[in-house]
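Keeping their order, the protein sequence lines are chains A and B.
According to my numbering, numbering within the first sequence proceeds without interruption in unit steps and concludes at 421.
According to my numbering, numbering within the second sequence proceeds without interruption in unit steps and concludes at 234.
No wet-lab data here; the hints were simulated from the structure.
Ideal Cβ positions, reconstructed from N, Cα and C, are used throughout, including at glycine.
Any given hint could be a false lead.
What the hints assert, rightly or not - Computed spacing ranges between beta-carbons, pair by pair: (1) A:Phe16 - B:Thr3: 28 to 36 angstroms; (2) A:Met1 - B:Asp8: 38 to 46 angstroms; (3) A:Phe16 - B:Thr149: 43 to 51 angstroms; (4) A:Arg410 - B:Arg63: 26 to 34 angstroms.
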Amino acid sequence: MYLLRLALASLNNRRFTAVLTVFAIALSVCLLLAVERVRSETRASFASTISGTDLIVGARSGSVNLLLYSVFRIGNATNNIRWESFEHFANHPRTSWAIPISLGDSHRGYRVMGTSQAYFEHYRYGRKQALRLAEGRPFGEDIFEVVLGAEVAKALNYTLDDQLVLAHGVATVSLVRHDDKPFRVTGILQRTGTPVDRTLHISLAGMEALHIDWQHGMPARGAARIDAEQARQLDLQPKQITAFLLGLDSRIATFTLQREINQHAGEPLLAVLPGVALQELWSLMGTAEKALFVVSLFVVFTGLIGMLTAILTSLAERRREMAILRSVGARPWHIAGLLVAEAFCLALAGVLFGLLLLYLAIAVAQSPMQSHYGLYLPLAWPSTYEWSLLGGILLAGLLMGAVPAWRAYRQSLADGLSIRS
Amino acid sequence: MTTLLELDEIGFAWPDQAELLDIPAFALERNQSLFLKGPSGSGKTTLLGLIGGVHKAQRGSVRLLGQELGTLSAGARDRFRVDHSGYIFQQFNLLPFLSVRENVSLPCRFSRLRSKRACQRHGSVSHAAAQLLEHLGLAASLHERRADTLSIGQQQRVAAARALIGQPELVIADEPTSALDADSREAFLQLLFAECRAAGSSLLFVSHDQSLAPLFDRSLSLAELNRATRAAEI
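So that you can see chain B by itself, here it is in the shape it has in the complex:
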């Protein structure tokens, strides 16, 4: 198994604030699903920002696919992020004024690599989007509807399809199930696992809901990883 994502001696603080993250080591293997437990305010969104290359750590290194993010320019980081990772957020993930299929196709509009991969596998971006949506249980009749006419659960599956289109190596999910009830939560996760496997993507799943942890290959707690919070607790 090769390493997909590697964090090494990361330190990050917002301007004029105490250090929020101090992570000596963190790694995610390819094709692995990882549950990262973090209550709100623990810095998990900031951590995802670092992994996505939106924020830059003051010290240490973030390596995705062996590429040191800190050495890239801001524009190159943005391009690298969209080429190799897909995001699912808590809720309100979609652009309400676009159709479901257009929402799913969005990453291919900004990433030539993902557009190419989608075409290679499904013939066209729009076909790829339709396939993913159907795998995630959204019938073709819904594909041309405005995104905000769907239920929350359906919207989260659309967001998942969007994160997966063009087979990025990494899918990052930030509390995607918090708006769903317990039953649909697990169903959603099973679909997500299946599609991640099919796409060959690793899944980094951040949540405060410990009950989901057993479903994953590995589970970690951000509080244990992060020396900054441990120091604060002591």
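One chain only, chain A, in its complex shape:
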């Protein structure tokens, strides 16, 4: 115990270097924990991009592909599915709700999704959060109405009642525009931090109306054209959609219904469990976050090396201190213990200060992070895993302390009590 007090007093005597060393360790600890926290929260928020949905159904392809286009609005469906198939499963006795999804158009790089009122009622993300409108109302009164995701509205500067024209296809350039049938903004959704923010939502009827006069993937010309007013009078029941989401009355029914869908006689369909598909997708993206983690581990290592350098450099000028201690009865292992204690104190102070920095940073960044990236960083106590990381850093600090301890041990044996020079 007395050694610890001596170590602290000696450190206090060199407080400028000590503070710098502690600061370097603290920064690296803060970085490591921040990366770790963002990493685990990203994973959690990724996993909660969609929630409450029991099955995602689309044309038969791969489960990751289906997840990507139906939930993340990335890539395209290989095929559409028939409206009859949707109706069949939407009216299934075990189904409590069904959301149709029809994709294929875009607006200035943002995807357009045709869907029904059920989307606003039943779609859930995050911790079973429902979609909420920041302004306006869902589409429904007229067929040419659009509800914008938060990011679309903000990036393109749209407000309620603005008119906008959708484009056919999802490429970013030279698209055929549906300029004969403009849409009016009736609602803007609150930010969710999910791909919903980057989506324009229209009704299935609106989607159908856009393409009613199209033939062979081309817009009709001349007399065959049907304008918006005419379209309103027509039967706009869609014949095909891209995918649909199902909510069941009980979780147990999921596997039975999944099998039923996959074996559907009408057309080849694929039903996936969102959780399973998300896991599969995450395992593909996990490498980047691992790399980030490894980099921050190295930063911690660098911080500890800095401490080692500082202590080793101080040894030469502290030979006298060691010799005085020897002359008043300190054994060589006391001298070694003093340096280990010093390294431990520095590492401990670094870890504590690093934690403090982390919590300060989280407190400051919490709300901007949530609104911009949909990432909620809780101001919670360190998890078991984080504690074990911190423990590891302290242990590494102790081990590093063994290096100057060993040198001082040898030095004090050789110097003895002579403190000339």
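Place chain B on chain A using the hints.
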């Protein structure tokens, strides 16, 4: 008078060097003050290292209080040294970051025996330190100051108090006065003698300054003791 310290047929050489010390006999009695004259480079620091048990002689024996140092383990020698001897060095004797009183108390932190003796005589280690400091002319107002805020002369008196705390049988002083001027040198020595007597400690005083020799009970020259230097001179 009984013998406190006894050296017998000591031989010591640093690795790969000629023999530095070759002392057939040397003894220090209890309660005696001994002046040992030795110019720098004569091996006096090495000799003090041998007496302190920091170095080990290649041959011969060092006996302190009848205990043969060579038979003890390194750790036991360290413990034995601090239990029975106190050191004062040339200068920069103190840990600058500790207070004056803490510096004086240091030996009691590492030696249970000296801590016990200090408590027996003064009630507590810190009280013992305060008493010694005051006897050596350092007012109580200085006791809590950082050691490096004191003048050199004051620092040497703090070092003396540290060597004396817990009444070790032997006080070893290695040129403690070389940084002091002539007047304070003698004043310092008188204080040191008085306190050594009060503590019942023998004083082994090593210096190159022959003018101090008459103040001591006995005076010896290391050059005469050491056959290795005599051989080199011839």
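Verification of the supplied hints:
1. A:Phe16 - B:Thr3: 28 to 36 angstroms: Check failed, 52 angstroms falls outside 28 to 36 angstroms.
2. A:Met1 - B:Asp8: 38 to 46 angstroms: 41 angstroms, holds
3. A:Phe16 - B:Thr149: 43 to 51 angstroms: Violated: the Cβ-Cβ distance is about 19 angstroms, outside 43 to 51 angstroms.
4. A:Arg410 - B:Arg63: 26 to 34 angstroms: 29 angstroms, holds
In this structure, the hints that do not hold are numbers 1 and 3, in rising order.
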